[in-house]
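If you read the sequences in order, they're chains A and B. For what it's worth, the working numbering labels the leading residue of the first sequence as 4, then goes sequentially. For what it's worth, the working numbering labels the leading residue of the second sequence as 88, then goes sequentially.
Please note that the accuracy of each hint is not assured.
If you only want the chain A side, here are some residues facing chain B, beta carbon under 10 Å, derived [stated by the list, open to error]: (1) LEU82; (2) SER98; (3) SER315; (4) LEU318; (5) ALA319; (6) VAL324; (7) GLY337; (8) TYR339; (9) GLU340; (10) LEU357; (11) LYS373; (12) ALA376; (13) ILE377.
Treat the hints as calculated values from the structure; they're not laboratory data. Remember, predicted model here, so these are calculated numbers, not experimental data. Quick reminder that beta carbons are idealized off the backbone N, C-alpha and C, glycines included.
Next come the chains, spelled out residue by residue.
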Amino acid sequence: MSAVAAVEAAFRRADEVRAGPDGLNAFVHVDREAAVAEAAELDRMVAERLDVAGRPTHDAGRSPLGARPIAVKDNIATLGLPTTCGSRILAGYRSPYEATVVRRLREAGAIVIAKTNMDEFAMGSSTEQSAYGPTLNPVDRTRVPGGSSGGSAAAVAAGIVRIALGSETGGSVRQPAAFCGVVGVKPTYGRVSRYGLVAFASSLDQVGVFGKTVDDAAHGLSVIAGHDERDSTSIDLPVPDFRAAARESLEGLVIGRPREYFPDTLDPRIRDVCDAAAERLRGLGAVVRDVSLPHTSLAIPVYYIVAPAEASSNLARFDGVRYGLRLAGDGLTGMYEATRSGGFGAEVTRRILLGTYVLSAGYYDAYYRKAMAIRALIRQDFVRVFADGVHVLLTPTAPTTAFRLGAISDPYEMYLSDIYTATANLAGIPGISVPGGTVDGLPVGVQFLATHFDEYRLFAAAYALERSLTEQGEHP
Amino acid sequence: MAVSETDVLHVASLARLAVDPARLPALVRELNGILEHMEELGAVRVAGQASSVERQAPKAGDLASASRPDDGPSIPLAHPIESFAPHVRGGFILVPRLATHEDQGTRSP
Chain A
4 MSAVAAVEAA FRRADEVRAG PDGLNAFVHV DREAAVAEAA ELDRMVAERL
54 DVAGRPTHDA GRSPLGARPI AVKDNIATLG LPTTCGSRIL AGYRSPYEAT
104 VVRRLREAGA IVIAKTNMDE FAMGSSTEQS AYGPTLNPVD RTRVPGGSSG
154 GSAAAVAAGI VRIALGSETG GSVRQPAAFC GVVGVKPTYG RVSRYGLVAF
204 ASSLDQVGVF GKTVDDAAHG LSVIAGHDER DSTSIDLPVP DFRAAARESL
254 EGLVIGRPRE YFPDTLDPRI RDVCDAAAER LRGLGAVVRD VSLPHTSLAI
304 PVYYIVAPAE ASSNLARFDG VRYGLRLAGD GLTGMYEATR SGGFGAEVTR
354 RILLGTYVLS AGYYDAYYRK AMAIRALIRQ DFVRVFADGV HVLLTPTAPT
404 TAFRLGAISD PYEMYLSDIY TATANLAGIP GISVPGGTVD GLPVGVQFLA
454 THFDEYRLFA AAYALERSLT EQGEHP
Chain B
88 MAVSETDVLH VASLARLAVD PARLPALVRE LNGILEHMEE LGAVRVAGQA
138 SSVERQAPKA GDLASASRPD DGPSIPLAHP IESFAPHVRG GFILVPRLAT
188 HEDQGTRSP
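Modelling step: build the complete structure from the supplied sequences, incorporating the hints.
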């Protein structure tokens, strides 16, 4: 299929499912003409066997991804389309540069057809906290798609694109992937460049990939991973061919089942989906054993100190002077306050206040310093388990299936949606969510976690589970 | 540690946020509702553990602390500064006056 045909097919599908504000509300910025023009240019380069710089090439030209339309979360900088982080304070903002992950995808043949809806500045677990209004879950439009990358998850689940970019700070790719029944991978901290990703909590943020299948996610991650001199946290390590993990045998793979992720309070139907997945992998040669990660229950309190603290600093730049919205106030300070209060939504305001409080004099030691010390213990839990011979951990991705729009109003109850994902962000390890089954017709995600920079084993387990479910006609 | 309305207003001023007086009681309630869950961290003993954890943590070569001189490659802009900056003079973006540290209002440059 030509790039033009692929892009036009994606837009047709977007129309069928009503991806815009009159329907799913997954897409917040779209420029059809520009996308088709870019696709036509890609087709010309491929036909003339030219590389990205327009030079003759002997390979298939500028299209290792096969001319794929993709969607990109609204907090990742793109040329041509606005980058507004789902926030009123960045309304209309257009980045003068492009994120490294987007550039790499374009150079591999991807065409960005839309920017996707998200919780404002990635602060949320339902994509209800967006200045553009909530995104609906394509599986059941009365329910949330998860968040914060809900628009990207919905775009993949609705069959508009096979690959979409999201970002993770506490589970914002894996949790919506689970809620929408698609694959979502969060790489190791440092595996993927964050140049052009608008910062929320810099010690936690990573760009992640949604895929319709495990192979789509592996393909996307293979393209965007790798060192970038423009991101000092990016690590200069070789990037394996993640797609090769599809051929790996699971013989001898040691899978840990952490008991803290399966408490008595967990919905037994979600527990059953995960246990059935473990049994499938055992049947393929893996060894499954119980393990303990004793500090797991502290992850949410720790996360909701560390992340807001970093956010309160990162979001200080949005003051009406340098970006987007500016509202008049009494003097310079009044202008700052009017702009920030008028531009930020309720959840962002709450987290900035929380972050400022835990960093303020008299409270820093009790909250922030303590949280950072316990974060180290959470990381140590993983280090010990992996050093003890476990290759991959298997857990639920989320404690529930997708909940109804507006069902959760208590902030902390919403935060608990990240209880099984935030640990990986705090420890910096990679994770992937794979559709494992359904409960009442709603998708349930099975999560795999691995040690730092071992995404390859994650994909090996994910490919095996997906293949097993598909072969037996049980893929959700 | 519960926060009061005074605490919230103080923190809001530090964060350059104006708080609607009608919203203040609810905001205090919400923040206290969140902070209540943080109290369990206080019961965790961490003395000496965190530093030993960091010593034990595996290091991939010298990758633990990445840094580079602040002289990286120039960032090519796709559009000239004039196309997105509110005001430009001599190649510099002009912003409201800050240098005097006096709150003299939002004088446009």
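Each hint, compared with the structure:
1. LEU82: Holds, about 5 Å.
2. SER98: At 8 Å from the nearest chain B Cβ, A:SER98 passes the 10 Å test, so the hint holds.
3. SER315: holds, 6 Å
4. LEU318: holds, 9 Å
5. ALA319: With a closest approach of 7 Å, the A:ALA319 hint holds.
6. VAL324: Where the cut-off is 10 Å and the nearest Cβ of chain B is about 5 Å from A:VAL324, the hint holds.
7. GLY337: holds, 8 Å
8. TYR339: holds, 4 Å
9. GLU340: With Cβ-Cβ at 4 Å, under 10 Å, it holds.
10. LEU357: With a minimum Cβ separation of about 6 Å from chain B (threshold 10 Å), the hint on A:LEU357 holds.
11. LYS373: holds, 5 Å
12. ALA376: holds, 4 Å
13. ILE377: holds, 6 Å
Of the hints listed earlier, there is not a single one the structure fails to meet.
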